[in-house]
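Chains as they are written, first to last, in the working numbering: chain H, 211 to 616; chain R, 211 to 616.
Calculated directly from the structure, the hints in this document are not laboratory data.
Any given hint might turn out to be false.
SDA-like mimics (lysine to any residue), calculated; alpha carbons at most 20 Å apart, straight line [claimed, not checked]:
no., chain 1, residue 1, chain 2, residue 2
1, R, Lys479, H, Ala220
2, H, Lys442, H, Met410
3, H, Lys479, H, Pro235
4, R, Lys479, H, Trp233
5, R, Lys442, R, Lys479
6, H, Lys479, H, Arg222
7, R, Lys442, H, Arg215
8, H, Lys442, R, Gly443
9, H, Lys479, H, Gly305
10, R, Lys479, H, Phe475
11, H, Lys479, R, Ala223
12, R, Lys479, H, Ala438
13, R, Lys479, H, Ala226
14, H, Lys442, R, Phe213
15, R, Lys442, H, Glu214
16, R, Lys479, H, Arg222
17, H, Lys479, R, Ala411
18, R, Lys442, R, Arg298
19, R, Lys479, H, Phe477
20, R, Lys479, H, Ala377
21, R, Lys442, R, Met410
22, R, Lys442, R, Ala411
Number of protein chains: 2
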Amino acid sequence: MDFERFYPPAVRAALAYEPPGAWMPRIRRPDTIRLNRGYPFPAAVPVADLGAAAAALLAREGDAPFHYLGSPAMGRLPQLLASRSAQRGMPVGDGELMVTMGGAQAIDLTARILLGPDDLVAVEAPTYMEALETFRNYTPHIISYRMDEDGLDVTALSVDLAARRAAGQPLPKLLYTIPSFHNPTGTTLSPERRRQLLAMAEEYDFLILEDDAYGELAFGEIPIPLKAQDTKGRVIYAGSLSKTIAPGLRLGWVHAAAPLVAAMFCFKKDLENPYVQALAAEYLSTVDYGARVTALRESYRQRRDAMVDALRRHTPPDATWTVPQGGFFVWVWVPGADTVALLEAALDEGVGYVPGKYCFFGSGEGREHLRLSFSYLSPEEMERGVAILGRLMGGRRGDPAGANPR
Amino acid sequence: MDFERFYPPAVRAALAYEPPGAWMPRIRRPDTIRLNRGYPFPAAVPVADLGAAAAALLAREGDAPFHYLGSPAMGRLPQLLASRSAQRGMPVGDGELMVTMGGAQAIDLTARILLGPDDLVAVEAPTYMEALETFRNYTPHIISYRMDEDGLDVTALSVDLAARRAAGQPLPKLLYTIPSFHNPTGTTLSPERRRQLLAMAEEYDFLILEDDAYGELAFGEIPIPLKAQDTKGRVIYAGSLSKTIAPGLRLGWVHAAAPLVAAMFCFKKDLENPYVQALAAEYLSTVDYGARVTALRESYRQRRDAMVDALRRHTPPDATWTVPQGGFFVWVWVPGADTVALLEAALDEGVGYVPGKYCFFGSGEGREHLRLSFSYLSPEEMERGVAILGRLMGGRRGDPAGANPR
């Protein structure tokens with residue numbers, strides 16, 4: 211039977227893209243070195259503490275966390291998240307915080323309440339490929355703004371918005387940004403640009419979705435989130451426990467003006483997990499989360515160093531990359547490369563990564579870029595993986611002790 | 211700031227309704243007898259076995275279930291669900307099954323791929339209030355068809371569809387039904403009507419969303435699902451582990467034609483829980499689920515008996531109800547009552563239930579009906595709760611030993 215005739219036009223349009231997850235390399239060998247994986251490294255997942263929290267929760271609450279509602283621990287999670295937000299300069303008012311299924315649901319619900327099929331959403335180029343997969347489910351009108359080493363190029367954005375206004379063209383309703391330790395580029399928006407972006411939201415009347423999944427995992431100073439400077443209620447902040455505890459819990463939160471959160475709640479329905487919320491609250495109540503984050507920052511810094519070192523030693527001389535000051539990713543530019551074709555060869559040799567093209571929306575850009583993650587693998591595995599990639603890219607650079615290319 | 215101007219028209223329409231959960235009684239006393247709660251009873255939740263499964267999972271898999279992907283146990287869950295479906299006469303073909311966050315996500319994703327703002331969806335009157343809350347998020351065009359003691363009145367449906375076709379009016383694209391142990395009425399669609407409904411879907415070219423959350427919890431024979439007789443691929447089957455294991459896991463599945471499942475997958479994105487899927491798979495691999503369901507059927511039958519007995523003894527002589535042959539609910543009709551006003555008095559006295567009006571879409575019906583759950587409370591609590599309700603309804607029936615009123 212032909213089912214397509216049942217789909218509304220907006221659904222048909224969304225289904226015309228490559229299916230979600232097309233960016234995930236199709237692994238061919240079980241020993242593949244997965245430089246694509248933006249996961250915490252295995253020892254970063256507090257398995258023993260989560261196991262202890264699970265046991266303690268069941269001993270104290272019995273069946274309560276296994277129902278729809280009624281677990282005392284689950285009830286405490288919003289307050290635990292709000293306290294942490296307040297410590298980071300983002301006090302949470304009544305009705306301003308909602309627990310979500312990771313950052314993913316915060317992005318989905320933001321798109322759900324704001325983006326109809328005629329609306330325009332602005333993103334960074336490149337950006338998080340899963341966010342693109344979500345936005346395109348709501349509107350085909352996705353406009354991208356370029357980035358440089360200081361994050362989103364707000365001047366380019368400003369020029370374009372002014373031109374659009376002058377020409378009577380549609381303006382974006384929403385801008386999606388990952389200001390700190392960006393996925394995939396690893397860059398961080400400068401403080402001055404943050405101020406400019408907030409002023410621009412006011413001038414051009416748009417809302418900002420701030421994806422801060424990596425914000426706390428700074429190798430130096432933790433950047434001040436846009437939300438901490440949002441005096442107008444224009445920032446929808448998406449937080450996540452995926453990088454600091456574990457992604458498989460699928461827990462995050464949205465912090466935004468109360469009417470926006472109320473609207474999201476209408477569309478969230480029962481897509482949440484009471485048991486896991488209770489488990490996370492129990493865990494957060496029993497560990498020193500601040501100390502944990504501090505330790506993770508140092509671990510990821512060492513991994514970043516190992517990755518950059520491997521890149522420096524193994525890639526061709528014209529390859530360049532950012533040196534991220536936090537987060538999970540390095541964005542590598544190999545002039546003249548075709549990173550989609552290169553991936554085929556890499557998978558044959560047992561190395562996976564994310565080709566850059568998936569981080570751009572329909573522009574054909576990113577062919578010479580690739581995203582490598584330094585979060586998941588050991589320094590030794592990264593070394594081996596990058597060595598193979600470097601060879602496939604055309605050999606190692608002339609001067610192995612050479613300075614960082616940027 | 212006025213945020214409403216940012217919302218697309220379809221979102222503004224959805225937000226005009228009472229917020230989701232308005233049907234949940236606002237409890238005033240901690241000792242309230244919650245006849246509203248469609249939860250499994252506390253001892254029905256296999257807390258010890260789930261705890262053991264959690265510990266075994268972590269011991270064997272370590273960090274794997276806490277990542278996005280990669281847990282062997284999580285990978286086994288679809289096959290475990292498919293095996294059970296096959297045993298129930300619903301063999302699952304390639305790409306036909308997807309794990310969901312409870313039945314709720316199956317309903318949401320079905321609506322997501324099929325219902326644009328101009329589309330018509332057909333529901334039963336009354337129906338599951340949360341399904342109404344989901345459908346209205348997609349379209350305001352919801353048409354209801356009446357039920358009787360044998361479930362959906364398919365003759366009334368047939369007459370209306372013929373009239374619509376003759377008049378050139380829109381026909382529904384989707385019909386949502388709970389054929390077995392209906393929520394809220396407790397009724398079950400007869401085998402003959404099941405055949406007629408499937409034939410009607412073919413004749414009028416609509417799809418059927420079969421919500422089978424209670425299907426296995428039969429007090430007598432387990433009804434044959436529509437999906438088991440669906441030779442044309444018109445049935446989207448929504449299964450759930452909420453009633454047979456625990457609702458707080460938020461686990462269910464959708465079983466439908468592969469193209470429909472693929473379309474749902476595009477909109478599901480990362481709204482799933484790897485850890486809980488792994489936990490459930492571990493649990494299902496280590497317990498005798500069939501024996502568990504058999505034991506639950508007997509437990510719920512006893513509770514149904516206790517509820518019906520309490521109703522018989524405490525409600526006014528003109529009150530009537532169905533005697534469900536499975537599931538969690540009794541639907542009570544009290545001629546002349548206003549069950550919204552009655553709820554205020556009941557909450558003051560410490561009894562909660564779901565007023566019937568929330569089970570109808572915008573028709574104003576249901577004022578004389580209420581939904582009582584016999585799943586969660588002990589027979590003694592039900593007895594006390596129904597005694598209070600009976601008194602508030604205007605006193606006990608004349609003949610306490612009288613026959614079941616229907």
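Pair hint outcome, H:Lys442 versus R:Gly443 [Cα-Cα no greater than 20 Å]:
Violated, because 51 Å separates the two Cα atoms, which is more than 20 Å.
Please work out if H:Lys479 and R:Ala411 have their alpha carbons no farther apart than 20 Å.
28 Å, violated
Are the Cα positions of H:Lys479 and H:Pro235 separated by 20 Å at most?
33 Å, violated
Taking 20 Å as the top limit, are the C-alpha atoms of R:Lys479 and H:Trp233 close enough?
13 Å, holds
Within a Cα-Cα threshold of 20 Å, do R:Lys442 and R:Lys479 meet the stated pairing?
Outside the cut-off at roughly 28 Å; violated.
Run the distance test for R:Lys442 versus R:Arg298: straight-line Cα separation, threshold 20 Å.
18 Å, holds
Is R:Lys479 within 20 Å of H:Phe475, Cα to Cα?
It holds: about 18 Å lies between the C-alpha atoms, which stays within 20 Å.
Pair hint outcome, R:Lys442 versus R:Ala411 [Cα-Cα no greater than 20 Å]
10 Å, holds
Do the alpha carbons of H:Lys479 and H:Arg222 lie within 20 Å of each other, as the hint requires?
24 Å, violated
Taking 20 Å as the top limit, are the C-alpha atoms of R:Lys479 and H:Arg222 close enough?
Within the cut-off at roughly 17 Å; holds.
20 Å Cα cutoff - pair R:Lys479, H:Ala438:
29 Å, violated
Agreement of H:Lys479 and R:Ala223 with the hint, judged by alpha carbon distance not exceeding 20 Å:
16 Å, holds
The structure shown violates the earlier hints numbered 3, 5, 6, 8, 12, 17 and 20.
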